[in-house]
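Visitor: Could you build the full structure based on these sequences and the hints that come with them?
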Amino acid sequence: MRMNLDISSKKQLKAKSVFTSQELEDYFDRLYPICRSILGNGFRSSLEILRELIPFEYYDTPSGAQVLDWIVPDEWDCRDAFIIKPDGEKLADFKERNIRVVQYSTPVNTSMTLKELKPHLHTLPDMADHFPYVASYYKRQWGFCLTQKEYDALEEGTYKVVIKSTIKPGFLRYGQTVLKGKTDNEILLSTYLCHPQMANHELAGPLAMAILYRMLKTTGPHKFSYRFVVIPENIGSATLLHQYGDHLVEKVHAGFVLNCLGHGKKWTYKMSRRGNSKSDLAALNQLRFKQHDLDVIPFFPDGSDERQYCSPGFNLPIGLVMRYMYGQFPEYHTSADDKSLISFETLLESAQAYFDIMMTLELDFTPKAKILRGTPMLSRSPIPLYRDTMNFRSHAKTESTRVMLEILNLAEGNLSLLEIAQLKNFDLLLHSELIEDLVKSGYIVYQS
Amino acid sequence: MRMNLDISSKKQLKAKSVFTSQELEDYFDRLYPICRSILGNGFRSSLEILRELIPFEYYDTPSGAQVLDWIVPDEWDCRDAFIIKPDGEKLADFKERNIRVVQYSTPVNTSMTLKELKPHLHTLPDMADHFPYVASYYKRQWGFCLTQKEYDALEEGTYKVVIKSTIKPGFLRYGQTVLKGKTDNEILLSTYLCHPQMANHELAGPLAMAILYRMLKTTGPHKFSYRFVVIPENIGSATLLHQYGDHLVEKVHAGFVLNCLGHGKKWTYKMSRRGNSKSDLAALNQLRFKQHDLDVIPFFPDGSDERQYCSPGFNLPIGLVMRYMYGQFPEYHTSADDKSLISFETLLESAQAYFDIMMTLELDFTPKAKILRGTPMLSRSPIPLYRDTMNFRSHAKTESTRVMLEILNLAEGNLSLLEIAQLKNFDLLLHSELIEDLVKSGYIVYQS
Amino acid sequence: MRMNLDISSKKQLKAKSVFTSQELEDYFDRLYPICRSILGNGFRSSLEILRELIPFEYYDTPSGAQVLDWIVPDEWDCRDAFIIKPDGEKLADFKERNIRVVQYSTPVNTSMTLKELKPHLHTLPDMADHFPYVASYYKRQWGFCLTQKEYDALEEGTYKVVIKSTIKPGFLRYGQTVLKGKTDNEILLSTYLCHPQMANHELAGPLAMAILYRMLKTTGPHKFSYRFVVIPENIGSATLLHQYGDHLVEKVHAGFVLNCLGHGKKWTYKMSRRGNSKSDLAALNQLRFKQHDLDVIPFFPDGSDERQYCSPGFNLPIGLVMRYMYGQFPEYHTSADDKSLISFETLLESAQAYFDIMMTLELDFTPKAKILRGTPMLSRSPIPLYRDTMNFRSHAKTESTRVMLEILNLAEGNLSLLEIAQLKNFDLLLHSELIEDLVKSGYIVYQS
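Chains as they are written, first to last, in our numbering: chain A, 1 to 448; chain B, 1001 to 1448; chain C, 2001 to 2448.
Fair warning: there could be bad hints in the mix.
[To be verified] Computed footprint of chain C on chain A, listed as stretches where at least three residues anywhere in the stretch have a Cβ under 8 Å from a Cβ of chain C: (1) 265-275; (2) 364-374; (3) 408-416.
Worth flagging that the hints you see were computed from the coordinates, not collected in a lab.
Yeah, the Cβ is synthetic: ideal placement off N, Cα and C, and Gly gets one too.
Guide: Okay, here's the thing in structure tokens:
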């Protein structure tokens, strides 16, 4: 395979040059108010907006279908929901914030005592001014989310409860598109769009994907093909794997689930189940050298769609680059995860990190040195390879020379550049020009 | 193989319900005064008492027989021994404490000067009020053990020395019984009974074995067969291995040498030579989660019968659960290792820990998950498997849910539950009900 | 193979008994003034002096020959070089210190302005009273080395510049001899002799080799054959490998590059590329137990001749025992690396350490125990093996007994003594008598 090793120019592209914060914010503002769930009109209309940025095709699967071990549920839509207190005041108004109602609540139109109402109310005792996000996809029930303060102020009396929802058979939709590369080996990028009116743990994912799509489109074609999927969380990845699992097992070289990318400075990387996949090597190679702290989390079989992708029968090389990780910031799955929590600058920075990781994957190959017996006499190279003046006094050469010598010494055809970079602790992407020069001058060749 | 997975009920049994401290103390008081050695009447009469608790059969091997590289020595018996000082006072009276005389002392009845006597006297310079325990099984000699104070007060004059002992060909006896299980795979439990009038480093071992026998008998039949052996230390295990070594190599799944179980709160685990045997995994899985500190000691080829069991040609999976380890408490092999050193409560607690380890071994198997492609939809389980309310905010699920998800994710048929528990750091026995429910509901099956 | 295991007597030899400091100093004083370079008369006359101590044969290769990826350069000789300042004073006089002139400077005899002269001047801004050592073997140029003070004091005017050098085709010479042992497996000892008028980073290497040669000669014949080579650095090892590489790959059991052995107390060990070669095991086994600190440096593909020896196509087991490592002491490659920097006592101590490492390699073999089933009954040994009185109270036996039991327990024929010593943390050479006794008494045999 002959590859176009022009990473050095491609990697110059910056996220801020393809998207402005304002453009991101405009899309955020259009998507935020929609009452999405895993199936239903909200999901579909949100996907339609996102399709302005990423040219998805739609894939529909009917309610009741079995996908892997799961059953596609009915659709849920909600038009209004509220409680009328004994004093006539409206409480938990769906139209004020649609996560006031428990997702997949059954329709209700009745009156009841406070005692009867209470089992249907959800609060956050440790965050008195906020209320939780609650869903019940498979067990039929209804409920409302209140702040603890609202809950504590409830008085005895008759409460009117209205939920104007419908639950009926329909279909699960997801969006998928592939940016074709020079090979059919794929990088899988997956995000989800089923959470209503939350900012970091929802819209940060699809918006980062939109930035990344545009960056990869602008700099393409690449060595890899890039598969973008937007799904409802969990049931969506089960559906995708049911339909494309064997293809993905064969073709996916690396991949990531995009979420929690707009809040916090520190980086978090949750490893793939394999622990040493190309995704893990490339992500850690880049994140380790970024300025903010990095937490590396070993794989655990819970969380988001990595549960499905990394289940033992597929074991795909899927990791997650995040800022604060899901479940580890207090606003997660609460009304406090609103627009004020996220920064569009952070989102751009996160997309840039993902782009750097993609470029690292593009740059990676298994080199084989031309000269294995003895060192090459590099002063005879047609292209100058030493990026510094030889200094006879110091064996602490510049980083570039160190990296060059390490690569040449380990280029026996059994270690990839990412593996060499991990062993010898250097930022692979930073040395893309050097690597291109080593290839051009013939000192290393691709190992077929 | 179909197994009866009823560990959850079996593990409820407590050591205190099968033995009282008083009952243990009564047996201790009967065994303590006897002058035991590796062969002879003392060993045999002690074994006869222990057979009231564990139904041993006797295995006899004559003096002079070669067992592996060793020679079975002659028998030694001692009826009396003492020194008469120049002033007529009796010193080092065997009848006061029989470890006053060096084990395997030849018979003596003579008078001598202090200078002649001194080479036969043994003291503990660092513990002035106590005297050592000394034995010389193969090199013929005689001697007495004195406190340093007694030694320092000796005056010139004529000393009368009397040792009424016999050394003559006889036979080595050990006791052995097997508690039959559903399979002929064995757990080997070995202890020794050759030390006279010492408490922790001797009687704690056989008494803990008696408790454990009764607990296993009460809760049986088990998956494994349990082999109980009481031997003279070292020469006994050499004899056992000479006669049963090939059988043990084929059948022993795990095993332990029981000693030093009555003194101290901390736990010590000395690993088997293999370092990753089932004994090691099960013992560490239980001891790591106990309330007292745990010292883990890598295998070294010295100590007790593990020297023989773990010699390279057998390399049996034999470890040792101890409290303070032999050689690491100052009273070890001295007159200070008497009844006041040990606690029968500690002994019961030690036996309980061993029982928990046995139950952990019984619970262990290599699971294979029914659903490998994607996660199972556990809300459809016929048996409720989630032991907690789903909490949408936190990915730090309860320990039970975490353990369930880890097991399901790693149940590919190549890791045992003990290996999964080690990798994912959970107390296996604590989750026996969960594991039974996972089997009953069909989500995991035994890997044949 | 039957080996003569008489290490215990051989290892008694001390470096000080074969060489005095004065004898070393005399050779130093004869070698130091010579203007050596990688080829030329200086190298050859220095090698002629060194041949008084080590009976080298000469191997010559013409300029222009390709050796591996390298080209043998022309010879350089320099008879005189200086600058005459505008005031008539002589500066940078080659005859005062021959590293005043850049190695391989082309001949010059001309006058020029200060501005024209300056690009040819080299200084050490951070060591104002010293000047650097500079060479340019392949790029034709000329130059002088000045102290920063000299440089700063230069005034405008006309400078006369004279370099009386010749660069012309000739031949590269290296010296090589083999001290024959009982087998043709080899220990490779390599040093270089191409640096003029520097002390630690040059003459310490060949002088240590001379000591080591005499020690090995005196105590021989040995199990291994010892190959001694003195070469010009880098191009010399490339030439040697070009001519003898396949032989060395087949025969070299362990080996070292000798340099930087006269300055500093601490030890530095740079590992071979393999990281677990016999060289690494033996060197670390000895250096770890020496009184001075030890720095262990993982292999990096730069430095001295290990670049060639450890290139992937040869990957020889070559490490370096040093005191302060090249590049890590400030005087390295400067005029400050003169006789005052080194200590002949340190040099003797360094040679002794190398000798100890050789004896450790000689002692090493893969033992197989006679008794594998159970422990041996060592009290029946024809040779007393316990080097201490049995102490029944303590399992912390003396080190000798501990080492004996560990060896017997691990002597299954798959681990060498060096590997056992590494695993169980003991100084192998310290226990040579014990090992000889274990062999004599038959408890361990050589594994063929």
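Visitor: Closer than 8 Å, Cβ to Cβ, for at least three residues: run that test on the stretch 265-275 of chain A against chain C and report holds or violated.
Guide: Violated, because only 0 residues of the stretch 265-275 of chain A bring their Cβ atoms closer than 8 Å to Cβ atoms of chain C.
Visitor: Under a C-beta cut-off of less than 8 Å, do 3 or more residues of the stretch 364-374 of chain A approach chain C closely enough to confirm the stated coverage?
Guide: holds (count 5)
Visitor: Do three or more residues of the stretch 408-416 of chain A come closer than 8 Å to chain C, measuring C-beta to C-beta?
Guide: holds (count 5)
Going down the numbered hints, you'll see the structure goes against just number 1.
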